[in-house]
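Protein chains in written order, with full-length UniProt numbering: chain A, 1 to 359; chain B, 1 to 359; chain C, 1 to 359; chain D, 1 to 359.
Everything labelled a hint here was simulated from the structure, so no lab data went into it. The structure displayed is predicted, hence computed values, not measured ones. It cannot be assumed that every hint is accurate.
Examples of chain A residues toward chain B, derived with CB under 10 Å [to be verified]:
1. Phe35
2. Arg85
3. Ala145
4. Gly148
5. Lys160
6. Phe192
7. Lys200
8. Val224
9. Lys227
10. Ile305
11. Val312
Anything over 12 Å on all C-beta distances counts as not near chain A; from chain B, calculated [what the hints assert, rightly or not]:
12. Ser104
13. Thr112
14. Arg120
15. Ala132
16. Pro168
17. Gln193
18. Glu260
Where a beta carbon is used, it is the ideal one built from N, C-alpha and C, also for glycine.
Protein chains: 4
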Amino acid sequence: MSSTYGTLFKISTFGESHGSAIGVVIDGCPAGLAFDTDFIQHELDRRKPGQSRITTQRREADEFDVLSGVFEGHTQGTPIALIIRNTDQRSKDYGHISEQFRPSHADYTYQTKYGSRDYRGGGRSSARETAARVAAGAVAKLLLAQAGVQITAYVSQVGKLKLEKAYPELNLALAEENAVRCPDPETAEQMFQYIDGIRKQGDSIGGIVDCVVTGLPAGLGEPVFDKLHAELGKAMLSINAVKGFEYGSGFAGVEQLGSEHNDEFYTDESGRVRTKTNKSGGIQGGISNGEDIYFRTAFKPVATIMQDQDSVDVHGQPVTVSGKGRHDPCVVPRAVPIVEAMAALVLVDMYLRNKAAKV
Amino acid sequence: MSSTYGTLFKISTFGESHGSAIGVVIDGCPAGLAFDTDFIQHELDRRKPGQSRITTQRREADEFDVLSGVFEGHTQGTPIALIIRNTDQRSKDYGHISEQFRPSHADYTYQTKYGSRDYRGGGRSSARETAARVAAGAVAKLLLAQAGVQITAYVSQVGKLKLEKAYPELNLALAEENAVRCPDPETAEQMFQYIDGIRKQGDSIGGIVDCVVTGLPAGLGEPVFDKLHAELGKAMLSINAVKGFEYGSGFAGVEQLGSEHNDEFYTDESGRVRTKTNKSGGIQGGISNGEDIYFRTAFKPVATIMQDQDSVDVHGQPVTVSGKGRHDPCVVPRAVPIVEAMAALVLVDMYLRNKAAKV
Amino acid sequence: MSSTYGTLFKISTFGESHGSAIGVVIDGCPAGLAFDTDFIQHELDRRKPGQSRITTQRREADEFDVLSGVFEGHTQGTPIALIIRNTDQRSKDYGHISEQFRPSHADYTYQTKYGSRDYRGGGRSSARETAARVAAGAVAKLLLAQAGVQITAYVSQVGKLKLEKAYPELNLALAEENAVRCPDPETAEQMFQYIDGIRKQGDSIGGIVDCVVTGLPAGLGEPVFDKLHAELGKAMLSINAVKGFEYGSGFAGVEQLGSEHNDEFYTDESGRVRTKTNKSGGIQGGISNGEDIYFRTAFKPVATIMQDQDSVDVHGQPVTVSGKGRHDPCVVPRAVPIVEAMAALVLVDMYLRNKAAKV
Amino acid sequence: MSSTYGTLFKISTFGESHGSAIGVVIDGCPAGLAFDTDFIQHELDRRKPGQSRITTQRREADEFDVLSGVFEGHTQGTPIALIIRNTDQRSKDYGHISEQFRPSHADYTYQTKYGSRDYRGGGRSSARETAARVAAGAVAKLLLAQAGVQITAYVSQVGKLKLEKAYPELNLALAEENAVRCPDPETAEQMFQYIDGIRKQGDSIGGIVDCVVTGLPAGLGEPVFDKLHAELGKAMLSINAVKGFEYGSGFAGVEQLGSEHNDEFYTDESGRVRTKTNKSGGIQGGISNGEDIYFRTAFKPVATIMQDQDSVDVHGQPVTVSGKGRHDPCVVPRAVPIVEAMAALVLVDMYLRNKAAKV
């Protein structure tokens, strides 16, 4: 198990879906940051369940406590511990799933690796763990905001419904105004109805979250292994249900010629070196070049569905896993703040590491 | 700069394209492994330049020396240092590029981050560094082979030319029999001609490398941050020119319903728990489930082209970057052993880490 | 700030002396360990304040909650979060010390490094943080006990009062039977009276804690940098007030000839390779050799004294720091379980790392 | 095996005593440092064998090659690889020791941990490895010198011969003027004669190296685990033959009262906060306070002696280990540059990490 991420801004998350609490310790946050609890709560609220009828109806207030690291409203350079109590721990009988391996869940692999598992609501493998990431990511965002860096994610695809416009043509601020978090209101409405239909079928569907980073200075990223996009990719792929990551021209870029794909440099009016195009996605050789960073993260359909499925139990015997309870028919609306949080955690770590680049 | 990768099987690579040598130190290789130098050389030969007319004509023998860590033919548990002398260091005048920023290369970002750069052949940002990875990866492969694990990569796309069959329908052994490393001879030939045409135009083209891992036991991977696919993704994205990574159903999976996408479990004749389908790509919850792992890595067209391009110099003044010298018109044939090497490095580290999972 | 320790059994502590809670996240504890909460509480009780009149009269129950990582009485391989609420947070006026630098405390260095500090009871620099280490160390001890490893520390010196016998001549079980934790009852009584006299003077005194590890197999330790004694030394030196560490023959060993100091090998009746003497302290070349490990840790007199002292304030102006409140006149009796805990954390990490030593 | 040290300025050493080469990769050295090869060679020369008749007569030029990371005389932010060829690899018969466990060497523990060992001259456990540390430490010293930091070590004790004066009373520059590296010429001469006598007996003797760091700014060190003195302690204890470490008042400090031991603060004429005394050894709460840092490191007598000793072989059978060949009768004169090098490596890493302490 490795629930620790980061070199200088290091986070360690903990907690199971139906344990008493989840949380995170941030070890290495610089001192002197104004600790905006309202902002952190706002970020948690963006991720929490029950926001609309197309997200799970689990009831969690997701309010957090600060146990350490903040004094007189500011960070102290000491570890910041944040915890979120689990309030919706239904005292129900888990007997029916305690011995079953749900298809495409982590039940079988956890059981095999660790010899046992907390089967209540997925235990540690539940996406509930990402609330802790969002809390830590909010702190990272506060630091980045001081440096003028903004991170904005949004839903660009649900099933086969695709947002056809690229981010420069969109007003990203609109994404937060609908339940799907798609910045094109019309597409958002189509996606909403589509997801709601999936929900009524007791099924689930995948989607894609796009993310844009603006205001990032050139120089962030630590080649050769900790290239900026490699760390972003790892961070995104560590989120539950993610199956793919691409940045800049991504998979589509493989079909281009070098002469089409290369981003020529020029000097803008302010004397700053810029690129005419941005196929590079703001990263060259693993280091930010000062242009916008953009990347896409693919989420599979949620494994929990309200349908019967064949499976086996811990003894290898055939069983029918029956769908009941609450589920997210599509994870991407709630994944938007998670993607932003993980991006913030990567960027703030790189920001701090970059201070040691030159004599 | 972070040229170190791994938690227990830790590698540290070094060297610039036109310095005296490149190499790698492997810190944490278990003792007692038969050190097969022929196999390591064979892997390096698969990556080396000049293998056919569609790869760069740079002349490098890429022969390696073992400086430490091996005694009487076996690893000792001590650091293994491998170096490869750079033999093709043409004593030419680099004046024309020493002050220019080549489009979509790392010249500008290295200069900005570090305040200077070794401009000879791209210095540290050159893909020449990956020879050191291939050498270390070969050692990792030797360890994995003892545990019955096989890693096989191949070219599945060049530009718009796609291999339409999935890996179970292919004879992957055929990939090594042609210069493109595509296991379908007919498609391989088309790709070869296509790349050769690109080469004659002085241009470059992207492509995709697929990779399949067989024989891996269930239980490898360290959630929540070091999920097996997250580390594989980071490793692939750390390779020069990579723009995207997906595993299992990948980006296409987002269009599926949960009821289509879920992999139902069954028990096979030998009593082993298996999945009927493998959309999960052999990984569930970040941990291997014993099925084949497969993933895809997208490479952009190489930035070096034999054409004039607009750019700026280190003073911000406009310049024309003229293409000359030697280049790879398409990187994917030589990327195949690099993808395998990075996969091996991830898997062997996870293999060793997994030993501490249970009491 | 780095509050994270360990490579595989990784702990991250948090909390300030007068914040709402302190605690620890253990990331990497193997699954399947019976989680003995009584034992953990017992260890915390050994460290807690108010055990006798020669320790601080601060009132802390030091009861802990398990937030995660334990299910049905066993560890799950997932992060174990333990918190201890701070109950004795007197709502007093800290005005008198909020701007003063107490001599030989960390007030000045924290203020300089971080630009501010939590001045309440020393904040993060308070030894209260070590309760979290003791809780984590108790978990480590549970793991080691399964492998037959026992760790026993005791007080061997207070001021100039020295226990003249070495550990093989002592009944270490007696250490827990007196308030000083010295295994020789007569010396213990002398030490108690001496410390009590110091306490009445409002002064403090240093001391030495010895520690013995028995039952450890040969092979633990990771040279060349993570030698077993180097990690033990770092761990001990990371405890508040520690000024020195030695193992085996230690500082006294420098006066011996090699012919006196060398530990000759022999084979015992059971066929096990042993050493006739143990100047090496159970460690050779940084790796355990199967003999007892023993080491000594020196603690300075506690900086808090009930006397007036000259100092300066945050503005550099002269002030008189007046002693009031509660203090430990001698830290070593309560340091005994902390030394054991840190030793356990080092040993369990090495135990897990050693699993990857050989093919 | 862990031959990697450091968080940001990370070194990875490699090489066996009688392999083809030893060396080090420095990953994370900031760009822009003037790379003074003469200085690095000078430091290596201070450590090399054969400097006088009281050191081993092994013949090694210890000249180094720079394989990477330096361009046009400056570091590039890329990994710096330095290698030193082993020139004195006598093609002798090692048969007599290949199966014997030399007393108080690492033969038995390496054999047990790794299942085999390079028995030629101690293989990886040989102090020859420290040449790589000295080379890396010299680079660290170059960086620290730019910040005004000086590190000076010297011999303060050999056997029972002690230098009675503390460092402020000594002219440390004199240490390099004699073969013992003791700054008091008279004591140095006594030590020299004493060691020479030991040598003639074929025996060995221990000693102590003191080290003083001046010019270090306040603020370095990363509590709670990576306290400055904890990292210094680990670094010293990782050097071959070290048995103990103390800083500031050290072990002697335990006998003092708090009222004697506390360092009162005052503001000096320049407005800088200082301490009247320095029992703290320049470190409070694990962070440098701007005063001189001083610490002491104890070295046991070298295990290699020119006398017969009882032991066992790899089969557990009794053998007589006979002393022959070349040895250091006392290791401390050559340990002086090693102590300095390790201190430099710790300090430069802390210097870089401290850049991220505040917003």
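Can you give the numbers of the hints that this structure goes against, from lowest to highest? Checked against the structure, the hints that fail are numbers 1, 2, 3, 4, 6, 7, 12, 13, 15 and 18, while the rest are satisfied.
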